[in-house]
Amino acid sequence: MKTSYFVDYFVSQGVPLETVFLILMLPVIATMIAFFRQVLGIKAFGIYTPSIITFAFLAMDFGSENSGIKYGVIIFLSVIFAGMITRYILKKLRLLYLPRVAITLSIVSFAILTVLVLGGSLQRTGLASVSVFPILIMITIVEKFVAAQIEKGNKTAIILAAETLFISLMGYYLTNWKTLSSFILTYPWIILFTFPLNFFLGKWTGLRLSEYWRFKEILKKM
Amino acid sequence: MLNFFKNSRKILGMNSRNLNYIRLYNHKKAICIADDKLLSKRILKKNDLPVPALIEKITSHQELENFDWTKLPNSFALKPNRGLGGEGILVVYGKKKNGNEAWIKADGSIVTLDDLKNHISNILDGNFSLSSVPDKAFFEERVRLLKLFKPYTFKGIPDVRIIVYNSVPVMAMLRLPTKESGGKANLQQGAVGVGIDMASGVTTSAVQGKKSHLIEYAPGTRLPLSGIKIPYWKELLELAIKAQRVSGLGFLGADIAIDQEKGPVFLELNARPGLSIQIANLAGLQERLQRVSGLKIKTIKRGINVGMDLFGGEIEEEIEEISGKRIIGSVEKIKLIGKNGKEIEVEARVDTGASISAIDKKLAIELGFDEAVKYWEDFHLDHTLNTQEIEELSKNKVWKELEKHPDVIGVAKIFSSHGASYRIKIKVMLTIDSLPIISKLSIADRSGLNYPVLIGRRDLKKFLIDVNKTI
Numbered sequence: 000m001k002t003s004y005f006v007d008y009f010v011s012q013g014v015p016l017e018t019v020f021l022i023l024m025l026p027v028i029a030t031m032i033a034f035f036r037q038v039l040g041i042k043a044f045g046i047y048t049p050s051i052i053t054f055a056f057l058a059m060d061f062g063s064e065n066s067g068i069k070y071g072v073i074i075f076l077s078v079i080f081a082g083m084i085t086r087y088i089l090k091k092l093r094l095l096y097l098p099r100v101a102i103t104l105s106i107v108s109f110a111i112l113t114v115l116v117l118g119g120s121l122q123r124t125g126l127a128s129v130s131v132f133p134i135l136i137m138i139t140i141v142e143k144f145v146a147a148q149i150e151k152g153n154k155t156a157i158i159l160a161a162e163t164l165f166i167s168l169m170g171y172y173l174t175n176w177k178t179l180s181s182f183i184l185t186y187p188w189i190i191l192f193t194f195p196l197n198f199f200l201g202k203w204t205g206l207r208l209s210e211y212w213r214f215k216e217i218l219k220k221m
Numbered sequence: 000m001l002n003f004f005k006n007s008r009k010i011l012g013m014n015s016r017n018l019n020y021i022r023l024y025n026h027k028k029a030i031c032i033a034d035d036k037l038l039s040k041r042i043l044k045k046n047d048l049p050v051p052a053l054i055e056k057i058t059s060h061q062e063l064e065n066f067d068w069t070k071l072p073n074s075f076a077l078k079p080n081r082g083l084g085g086e087g088i089l090v091v092y093g094k095k096k097n098g099n100e101a102w103i104k105a106d107g108s109i110v111t112l113d114d115l116k117n118h119i120s121n122i123l124d125g126n127f128s129l130s131s132v133p134d135k136a137f138f139e140e141r142v143r144l145l146k147l148f149k150p151y152t153f154k155g156i157p158d159v160r161i162i163v164y165n166s167v168p169v170m171a172m173l174r175l176p177t178k179e180s181g182g183k184a185n186l187q188q189g190a191v192g193v194g195i196d197m198a199s200g201v202t203t204s205a206v207q208g209k210k211s212h213l214i215e216y217a218p219g220t221r222l223p224l225s226g227i228k229i230p231y232w233k234e235l236l237e238l239a240i241k242a243q244r245v246s247g248l249g250f251l252g253a254d255i256a257i258d259q260e261k262g263p264v265f266l267e268l269n270a271r272p273g274l275s276i277q278i279a280n281l282a283g284l285q286e287r288l289q290r291v292s293g294l295k296i297k298t299i300k301r302g303i304n305v306g307m308d309l310f311g312g313e314i315e316e317e318i319e320e321i322s323g324k325r326i327i328g329s330v331e332k333i334k335l336i337g338k339n340g341k342e343i344e345v346e347a348r349v350d351t352g353a354s355i356s357a358i359d360k361k362l363a364i365e366l367g368f369d370e371a372v373k374y375w376e377d378f379h380l381d382h383t384l385n386t387q388e389i390e391e392l393s394k395n396k397v398w399k400e401l402e403k404h405p406d407v408i409g410v411a412k413i414f415s416s417h418g419a420s421y422r423i424k425i426k427v428m429l430t431i432d433s434l435p436i437i438s439k440l441s442i443a444d445r446s447g448l449n450y451p452v453l454i455g456r457r458d459l460k461k462f463l464i465d466v467n468k469t470i
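Top to bottom, those sequences are chains X and A.
For the first sequence, numbering that gives the first Met the number 0 gives the first residue as 0, with consecutive numbering after it.
For the second sequence, numbering that gives the first Met the number 0 gives the first residue as 0, with consecutive numbering after it.
The following block holds chain A by itself, in its conformation from the complex (with noise of 0.2 Å):
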């Protein structure tokens, strides 16, 4: 019960945001900074922080009357200056060729010059904006979508949720539009959220909508969405702190999205920004800001480490801990206990290709197989067969022959490109990453392969295969 209170004290609630950080740390000319699109747009291109290029802006009924449609792109994504939770956005993708004003949406339907007025003057009326005050209505470049985050998207933009607090990035997520959220970044209207490991830029658990509930895989596949590399991870943590140094904003949610061309610009900056974050990250906030609270961060680069040094690294055990699944590189160190007691330690391929395991010849030999393996070179099987005299063989029941010594447990018909083989099978204990595996290993020359062992699926059930890590 104790350590409940003590645990809930590390999560930051309504109340501490809005009375220890937004009122004391967020100015009101900074909040009206980020409440204004257009503005915030501004400030940051003039500090050469990279946004989405502004078209054009229409502030009034007048000027949507007088209004050069001709200047308009053929995609563009039109936003009401002062909008709420991504509502209001209009994108299109492309012009209709037929010479009317007319444009295409992501879903193929079609937005004509009156639906367009309409939708401007709609948004000038104040129909998307916080208390329906009046508002501008502009254009601006249409972020094109990173290949990387397709598979993961339903229409809509993913973008990427830095808090910033003290010119440390102190927890991340990505924002993944759903179809729930109708295309939309936002949580509470459905998007999914996916916690960042700081240190490495790689996702780890996720949520979706407003009552964040745990998902495992993107909505309607069987995408896994933890493991995802965000691109320009450390350059997003850098434009992160460089936003709230020209913003004055001191607790900052920074949406930035990632274009396909350009690479990051930013959407948003948010005074206000919401607590899912942590359901998103499993970790409360409350705790990390505390630990960043009142050091002195002089420059960029330093907040950058800081951020990533206190907040990261953990990600392979918390992997490990999520899957309850080891983490083990393509080429794995493993340790063979033979029948002899003799331990043998190699490296060994791991190879998701194969079914079973397969071990070199001259090893099982030392492991004390020498028997076995004689009298399997006795039927003159060790070398490559085609399909034909595996199927006789087959037919004969040589398996059967091969069965009568004690230590060969099975026969394996390998099918490679290289050709077929008939292996016999041994029972041998080995340990991958310290965990002991009883493995039916099956016997080949691999005399003129890197490794002596071959590591594959039936084995591999414990683990986790990352490709990048070494030995």
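Here chain X stands alone, though its shape is the one from the complex (with noise of 0.2 Å):
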């Protein structure tokens, strides 16, 4: 693969090109989430956890060629449904934010062992030789997810997370794009582009793509 003269002087300074690539790849999946909510209207739980999930998703392919992607959305899954269920345990019990996020990390890194043990006696052996650090963080994410079943209801809070899987995917995919990876790294500077891109971004008024549709009574009757 022909590289820029940055990413060979980076490389030659000992930065494996891998780590110079996702680190590239940042300010694009970044840019990618803020286009997504500015225009499409898909929120998400903000911007850093879809980001961390996509390099938690990139992460477990590391280890296991590629099939890593499958297993980070059944644990993406498995996080969020635990995180369901706990609230239904802890509603009556009425506890103070951190306590309560204290339990449902519990509850679900339990459910996480139980499913990499599961998998193992499926024959999974896939799913447990995944690397434990996606893994841990993927975990940690179902703060946002109380967060935002405290705030806006475990309904938003689902479609929250589902929005977040969604985008989490498209990181990924973008990022393992053989064309755009070469690219980036050939010419490094077009991540500069990002810079006038969130700035229309941020100055962006229209409506967004989702609002088309939550509006259209309003369009059909004009």
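The hints are simulated quantities; they were obtained by calculation from the structure and are not laboratory data.
Worth double-checking, as some hints may not be accurate.
To be verified - Subject to a maximum C-alpha distance of 20 Å in a straight line, what follows is the list of computed PhoX-like cross-link-like pairs (lysine-lysine):
#, chain 1, residue 1, chain 2, residue 2
1, A, Lys178, X, Lys154
2, A, Lys5, X, Lys215
3, A, Lys94, A, Lys116
Using the hints, build the complex out of the two chains.
Here it is in structure tokens:
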């Protein structure tokens, strides 16, 4: 693969190519998330959660030749599902926020452990061999889920979780897109284009795509 | 397609609301006032704007421990200071009589002193507040439901949300608590939002819930949601503008409830009003805001007038458009077209109590039905009869004889409070509000009555009646 002079220099200084690439991808993914929110109207849990999950998905791939995404999705869904169940258990207890999140985290951890063991017993060795740090990262996103449950209700929290999963998958496939990765490594300076792009998004006052749907009755009537 | 994009620019979206309005016109200090219910209450009260009276507030667990519960009246509303979307509000309607400290909620369930303490403790811990920060709790006077709204409301208190921008009320909606919303007047939780015509204060179209689907009737009833006249309309607009001025919120959503005795009272000021109000009104907010933007509004009265003039007045046409029906008054000018082609214009009484329409004998003669009238008169039936006589006439098949005349298309047996009558019916073409109708009119002696023609239900299918309308 042809790489830019800068990239070559970084690598010669001992920075792995993988690291250079992923760091360069972060602004691209962040811009994509901003675009999804401002123009398409897909919200997700802010910008941090979908980008960290994107990288968790990517990290899972390292250990298990591109089957990581499958396990990533399974673990994500298990985390959200366990978070939902825990809400019903804790609802009546009326606990303060942090202890409540701590209990939820514990229950989610047990759930994920069960899923891993279950996967092993079903001869799905790939699941159990997934690197542990991305799994831990995904467990902690349950906090965002609990916060959304408290502030916006269960239904909205589930929708936001689904949107987060969608955006993370998009980020994952974008990063794995060979054309884009070789392009970025050849011309790393194109990352600078995310600045004017985000400036434009930051001033964008048009309707979001989802709002055309939301206000369809008014548009029909006009 | 081009039209579609042009129209979509009339709608206010999230991006534009945040960037062009909230960020620009709602400064941090003003937002702090809106987000702090106790503070906004104090500021409104200081400026002589009506609010439900504050009974008592509890700001810490220690205060909760030492609170004198006897200070509380029999009915009150307990609220978290920074509550979101009506969460954490507890309303009691009366005190239990048996000496123990216990209150009764709207659904009849009992709230004991322990329940109350527990609830306040939850409020103080921030379980109902934004980002779960510790909060204060306060008791305020309960707003008593207006009789007018009672049939439309499930538990809770409806309120009127008015969006004010540049001292002009630009859009408003009536929010009705429903079963789904658990008695809360919040659209996100399933309440009903009803659009309001800014000029008349009369409701137009309605939506329910987060998904905002259009509805016609109050949930679970056959009560139409359009056409409700909001009481104190002008006063509400005035209050909303004043609230904008004292709060400093350039883009304000004022929530005002109407108390049975006190009239309008402010429930809340909103620095980030939702966008669903547009669906309830089937109108775009962006367009309205742009029309008002840059105007120099010096007095409150001017603000009211601008809002009323720009964003209202077309309600009648709108209702006609929505229902596909025309609106007529209880007395309406109609035109009759006679057998001889003669056109006569008269005033007619619109009467939904009558099934078929009626015409005065003399007028029928003028329209060329003199022979038919004469024929009927020969039967000596043109006077009041009793029920027995009518039965006899039916038994003797008198109608068969009467229908022999070519102009007589049928016979009508009319029973009213004055007695019964046995009339002939004629077919006449008439126009009501310039809509042609082929009417079957019964002939009667209406010489003693104010109007020579009475329009009954059968001829009113294409109309809605507004009793306030005059010719």
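So, going through the hints one by one against the coordinates:
1. A:Lys178 x X:Lys154: holds (18 Å)
2. A:Lys5 x X:Lys215: holds (14 Å)
3. A:Lys94 x A:Lys116: holds (16 Å)
Checked against the numbered hints listed earlier, the structure breaks none of them; every hint is satisfied.
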